[in-house]
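Top line first, the protein sequences correspond to chains B and H.
The opening residue of the first sequence carries number 578 in this note's numbering; numbering runs sequentially from there.
The opening residue of the second sequence carries number 568 in this note's numbering; numbering runs sequentially from there.
Worth flagging that the hints you see were computed from the coordinates, not collected in a lab.
Heads up, the beta-carbon is just placed ideally off N, CA and C, and yes, glycines get one too.
Mixed in with the good hints, there may be bad ones.
[To be verified] Below, in silico cross-link-like pairs of lysine-lysine (BS3-like), each with a Cα-Cα straight-line distance of 27 Å or less:
# : chain 1 : residue 1 : chain 2 : residue 2
1 : B       : K612      : H       : K617
2 : B       : K607      : H       : K602
3 : B       : K695      : H       : K602
4 : B       : K579      : B       : K648
5 : B       : K674      : H       : K659
6 : B       : K612      : H       : K575
7 : B       : K695      : B       : K674
[Said to hold, decoys possible] Footprint (simulated), chain H over chain B, 3 or more residues, beta carbon under 8 Å:
#  : stretch
8  : 588-597
9  : 607-614
10 : 661-670
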Amino acid sequence: MKARLHLQQFCDVSQVTPELQSLVSWVPGKDVAGKPVSVAVYAAGTVFEGPIALQLCRTGQAAPADDECAKALNMTQQQIDVLRVEYEMNNLGINNKGDRDLYRAGVILGYNADLTYKPGPKWDEYHAAKAKIEGEEI
Amino acid sequence: MANKVPSKGTALLMEITSVYTAFPQITSLSISGEKAETVDTTTLDGGASKTKANTGYVDNATISGECLYDPDDTVHTAFITKVRAAGTNNFKVTYADATPTSEVYAGLGLGFDRSVSPADVLRGSFTIETTGAVT
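Excised from the complex, chain B in its bound form (with noise of 0.2 Å):
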């Protein structure tokens, strides 16, 4: 049973087992200090393996990688696509109702430090859309 992850997620070393080794990968990030550090990851698209696959699917994390995990999820495609979008928004820490429907939306991507918006591809035509109607309300 094979699954594929969607996104890069830190991982946990000191629960990392044998089989799972292989599969850690280390990014530039900084401690607690801030001081720069190693960061241990599971890379986007790393595959993994048996039971733990079809949790990481059930989260969202991931995607079913063969038929078994496929048929073990028993999720259709569509089923699929919103988890991992739901957890694209959970893991971004996008918890506003609002925020969730422009992120779905294609409107945004997330948040800058400053605490606007990070602007998504349907980021101007929403806007557009929105100008015209205050427009035509004046």
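Chain B is fixed; fit chain H onto it per the hints.
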């Protein structure tokens, strides 16, 4: 210079089978109680002002928060399983600062309360006591 970092974008991640997994549908999050422990060192022959000293120990933080509870959600279920097994688990908090800061807490003494009301959705509130150093 200190920046204004938004609360939005802050995520709580729970370690499940070594993968840090975002805790879903959080509506509020609090990390409180981390404090350097002190001892009263006032003496009978001292001045009017009482004195204190650090003991060298630190009281650990407690993580608490509220969420929209989904009994079918894999992470909510995993959390409740840990509560009922009196288990320990690592948790990671990631903030939305420019170079995202993460803090890993060793959690134990987990708790999860649910509230059900006709005029509201299912809600849950969770507490995580922590032990040892934050890394």
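To see whether the hints hold, each was checked on the structure:
1. B:K612 x H:K617: Not satisfied, since the Cα-Cα distance of roughly 38 Å exceeds 27 Å.
2. B:K607 x H:K602: Satisfied, since the Cα-Cα distance of roughly 23 Å is no more than 27 Å.
3. B:K695 x H:K602: The hint is violated at about 36 Å.
4. B:K579 x B:K648: Judged against 27 Å, a Cα distance of about 11 Å means the pair holds.
5. B:K674 x H:K659: Distance of about 23 Å is within 27 Å: holds.
6. B:K612 x H:K575: OK: K612 (chain B) and K575 (chain H) at ~24 Å, within 27 Å.
7. B:K695 x B:K674: holds (17 Å)
8. 588-597: holds (count 8)
9. 607-614: That given contact holds, which follows from 4 residues of the stretch 607-614 of chain B lying within Cβ reach (below 8 Å) of chain H.
10. 661-670: Result for this restraint: holds, n = 6.
Consistency with the previously given hints fails for numbers 1 and 3, ordered from lowest to highest.
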